[in-house]
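K.L.:
Letter by letter, the chains look like this.
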Amino acid sequence: MNNKYEIVVGLEVHAELSTKTKIFCGCKNEFGAEVNTNVCPVCMGLPGTLPVLNEKVVEYGIRMGHALNCTINRATKHDRKNYFYADLPKAYQTTQDDVPLCANGYLDILVGDETRRIGITRLHIEEDTAKLIHADEFGGTLIDFNRCGVPLIEIVSEPDMRSAEEAKVYLETLRTILLYLGISDAKMQEGSIRADVNVSVRPVGAKEYGVRVETKNVSSFSGVYNAIVYEANRQIEVLENGGELFQETRRWDDAAGKNVLMRSKEDAQDYRYFPEPDLLGYVIPEELVEKLKAELPELPVQKTLRYMNECGLSRADAETIALSKDKAFFFDACMATGKCGPKLLSNWVLGEITRVANERRCEISELPLTVENLVDMIALIENKTISNAAAKTVFEIIVDKDEKPADIVKAKGLAQISDTSALQTIVDSVIAANEKAINDYKGGRTNVLGFLVGQCMKQSKGQGNPAMFKEMMIAAIENS
Amino acid sequence: MKIDIRHIAKLSKLSIPEDQIERFEKEMQSIIQLVENLPEIEGKATAVDTENTMELRADEVVASASREDMLMNAPQVAAGCIVMPKVVE
Ligand SMILES: [Zn+2]
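Those protein sequences? They're chains X and Y, same order as listed.
Under the working numbering, the first residue of the first sequence is numbered 1, with each subsequent residue one higher.
Under the working numbering, the first residue of the second sequence is numbered 481, with each subsequent residue one higher.
Mixed in with the good hints, there may be bad ones.
[What the hints assert, rightly or not] With a cut-off of at most 27 Å between alpha-carbon atoms, the simulated DSS-like pairs for lysine-lysine come out as follows: (1) X:Lys384 with X:Lys470; (2) Y:Lys490 with X:Lys384; (3) Y:Lys493 with X:Lys90; (4) Y:Lys566 with X:Lys216; (5) X:Lys412 with X:Lys384; (6) Y:Lys493 with X:Lys28; (7) Y:Lys566 with X:Lys265; (8) Y:Lys482 with X:Lys131; (9) X:Lys131 with Y:Lys493; (10) X:Lys90 with X:Lys28; (11) X:Lys404 with X:Lys384; (12) Y:Lys566 with X:Lys258; (13) X:Lys339 with X:Lys384; (14) X:Lys458 with X:Lys412; (15) X:Lys81 with X:Lys216; (16) Y:Lys490 with X:Lys81; (17) X:Lys410 with X:Lys436; (18) X:Lys216 with Y:Lys482; (19) Y:Lys566 with X:Lys90; (20) X:Lys90 with Y:Lys490; (21) X:Lys343 with X:Lys461; (22) X:Lys461 with X:Lys392; (23) X:Lys265 with Y:Lys490; (24) X:Lys81 with Y:Lys482; (25) X:Lys293 with X:Lys265; (26) Y:Lys482 with Y:Lys493; (27) X:Lys461 with X:Lys384; (28) X:Lys207 with Y:Lys482; (29) X:Lys81 with Y:Lys493; (30) Y:Lys493 with X:Lys216; (31) Y:Lys490 with X:Lys131.
Derived from the structure by calculation, the hints contain no laboratory data.
Please construct the entire structure, taking both the sequences and the accompanying hints into account.
P.N.:
Have a look at this one:
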């Protein structure tokens with residue numbers, strides 16, 4: 001990237017809401033149903049039908065608005081955005097134009113070691129379009145209306161991002177918030193989140209924005225990153241060669257890793273917005289707005305900061321836990337018992353527990369493992385009753401069975417031996433059996449110590465205290 | 481007011497033969513004259529009318545229509561879908 005230029009990025013993000021039904025009719029809102037089975041005269045736009053707005057869509061929109069620190073417009077309305085394309089049977093999309101549900105907010109994101117505040121221009125609710133399936137074997141394009149009328153929120157940011165990395169983090173943070181709030185499946189691979197990316201470049205230090213180009217059809221985190229880098233480089237190259245940039249819309253081709261011109265400014269659509277005559281305005285009760293605000297959970301960025309500042313976790317560990325609702329809820333539930341410290345807990349959550357959940361392709365919350373048993377086991381490690389090796393044996397059991405770790409330790413004789421005379425016997429026998437290693441150690445090859453301690457641990461069947469073995473081994477060799 | 485028929489045709493995805501352009505220009509001119517006579521509306525027509533509001537619907541599933549019924553009027557159907565001429569925007 002040419003460092004004479006600064007990149008300016010704004011994102012328009014569409015997210016499908018996970019309500020039970022569509023936005024204006026009672027058809028099921030589900031992904032992957034048999035084509036054209038969740039359809040009715042309303043969502044297929046037949047003449048004479050009337051839309052009725054789903055209250056959950058408004059509620060979900062307000063939840064997201066609160067999470068993005070927006071002002072909620074309690075008196076709001078809908079508008080028609082007119083355009084002619086086969087994915088829209090009414091030839092207009094019912095959306096919100098001049099009075100969006102939420103506006104003027106911000107989202108703090110963590111980029112590198114910095115907290116960056118990204119302005120949120122607006123958030124509005126609207127309907128999704130039908131899915132076009134381009135199928136040459138049928139000599140045309142097939143239309144599946146199941147997605148038509150699925151509720152969407154569109155979140156428009158200010159042009160506040162200054163790199164592709166920031167835009168990627170912003171999108172990831174938005175996605176995690178949607179999951180935390182439980183208002184969207186937020187699966188990019190199923191198209192439940194899609195982004196349009198606005199990019200311009202300007203000489204470093206310039207106050208005016210450059211010419212803005214919109215890239216559509218970006219549907220993955222890496223796609224957002226690559227689409228921004230590609231477009232910024234394209235613009236810089238044009239400027240460096242003395243060329244002129246035009247306000248235009250381009251389409252991202254993820255497979256090819258490049259964008260192509262979709263339409264120029266002269267061909268820009270004129271959507272002729274006007275108030276939707278089939279829907280009246282509505283006033284959202286203040287109590288509902290306040291109730292939804294009070295119900296807002298702690299969000300991922302706040303969690304990351306709390307894990308770092310109050311739990312002493314590393315930035316990477318804190319973020320990995322916070323960016324997963326599943327991990328974060330489990331971690332918080334364990335911490336709430338007050339029975340174990342955060343550091344060892346985070347190692348287990350990110351290590352063994354995540355490994356098992358991945359292997360079984362399930363969430364941590366779906367494992368039979370209980371919070372109570374896990375924290376009891378960690379407490380046993382922390383008070384040195386069991387070693388890490390013995391803990392693994394305990395874990396293999398409690399991950400599937402609700403058994404008390406203390407009982408397992410007793411039944412299997414897993415308690416760590418801290419009795420010096422028992423440990424000394426083992427150290428002596430390892431020394432006797434490894435004359436060569438001992439000589440190596442004395443000759444200065446002190447890295448054989450690890451091997452010797454390992455031999456001690458093996459003989460003690462994992463029950464010895466490795467720190468004590470190490471100390472006793474050094475003392476024994478030096479005194480021999 | 482000058483009307484650019486070629487531009488409008490392009491936006492509407494209509495192909496209009498060259499020898500028809502002049503006719504459409506004339507016809508649309510007269511339509512515009514008609515609309516120009518409408519009175520100017522004062523104030524913001526888009527403000528929300530809070531006196532006359534609508535009830536929202538509970539998020540409850542209502543049985544969808546049958547696919548067979550919904551596709552009955554389609555000129556061409558294949559694989560459970562309406563078929564239309566190939567378009568890529
Ligand atoms: Zn429907």
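K.L.:
All hints are to be evaluated individually against the structure, with a verdict given for each.
P.N.:
Verification of the hints:
1. X:Lys384 with X:Lys470: holds, 16 Å
2. Y:Lys490 with X:Lys384: At roughly 78 Å apart (the allowed maximum being 27 Å), lysine 384 of chain X and lysine 490 of chain Y break the hint.
3. Y:Lys493 with X:Lys90: At roughly 17 Å apart (the allowed maximum being 27 Å), lysine 90 of chain X and lysine 493 of chain Y satisfy the hint.
4. Y:Lys566 with X:Lys216: holds, 20 Å
5. X:Lys412 with X:Lys384: OK: lysine 412 of chain X and lysine 384 of chain X at ~16 Å, within 27 Å.
6. Y:Lys493 with X:Lys28: violated, 34 Å
7. Y:Lys566 with X:Lys265: Holds. Lysine 566 of chain Y to lysine 265 of chain X sits at ~25 Å (cutoff 27 Å).
8. Y:Lys482 with X:Lys131: violated, 38 Å
9. X:Lys131 with Y:Lys493: With Cα atoms ~21 Å apart, lysine 131 of chain X and lysine 493 of chain Y stay inside 27 Å; holds.
10. X:Lys90 with X:Lys28: Between lysine 90 of chain X and lysine 28 of chain X the Cα gap is close to 19 Å, so the pair holds against 27 Å.
11. X:Lys404 with X:Lys384: holds, 17 Å
12. Y:Lys566 with X:Lys258: Holds: lysine 566 of chain Y and lysine 258 of chain X sit about 24 Å apart, inside 27 Å.
13. X:Lys339 with X:Lys384: holds, 14 Å
14. X:Lys458 with X:Lys412: holds, 16 Å
15. X:Lys81 with X:Lys216: holds, 18 Å
16. Y:Lys490 with X:Lys81: holds, 19 Å
17. X:Lys410 with X:Lys436: With Cα atoms ~38 Å apart, lysine 410 of chain X and lysine 436 of chain X exceed 27 Å; violated.
18. X:Lys216 with Y:Lys482: Violated: lysine 216 of chain X and lysine 482 of chain Y sit about 33 Å apart, past 27 Å.
19. Y:Lys566 with X:Lys90: holds, 19 Å
20. X:Lys90 with Y:Lys490: Between lysine 90 of chain X and lysine 490 of chain Y the Cα gap is close to 21 Å, so the pair holds against 27 Å.
21. X:Lys343 with X:Lys461: It holds: about 26 Å lies between the C-alpha atoms, which stays within 27 Å.
22. X:Lys461 with X:Lys392: Holds, at roughly 13 Å.
23. X:Lys265 with Y:Lys490: With a Cα-Cα distance of about 13 Å, the restraint between lysine 265 of chain X and lysine 490 of chain Y holds, given a limit of 27 Å.
24. X:Lys81 with Y:Lys482: Given pair lysine 81 of chain X, lysine 482 of chain Y holds - Cα atoms ~26 Å apart, limit 27 Å.
25. X:Lys293 with X:Lys265: violated, 41 Å
26. Y:Lys482 with Y:Lys493: The hint holds at about 20 Å.
27. X:Lys461 with X:Lys384: holds, 16 Å
28. X:Lys207 with Y:Lys482: Violated, at about 38 Å.
29. X:Lys81 with Y:Lys493: Satisfied, since the Cα-Cα distance of roughly 18 Å is no more than 27 Å.
30. Y:Lys493 with X:Lys216: holds, 21 Å
31. Y:Lys490 with X:Lys131: Holds, at about 24 Å.
The structure fails to meet hints 2, 6, 8, 17, 18, 25, 28 from the earlier list, while all remaining hints are met.
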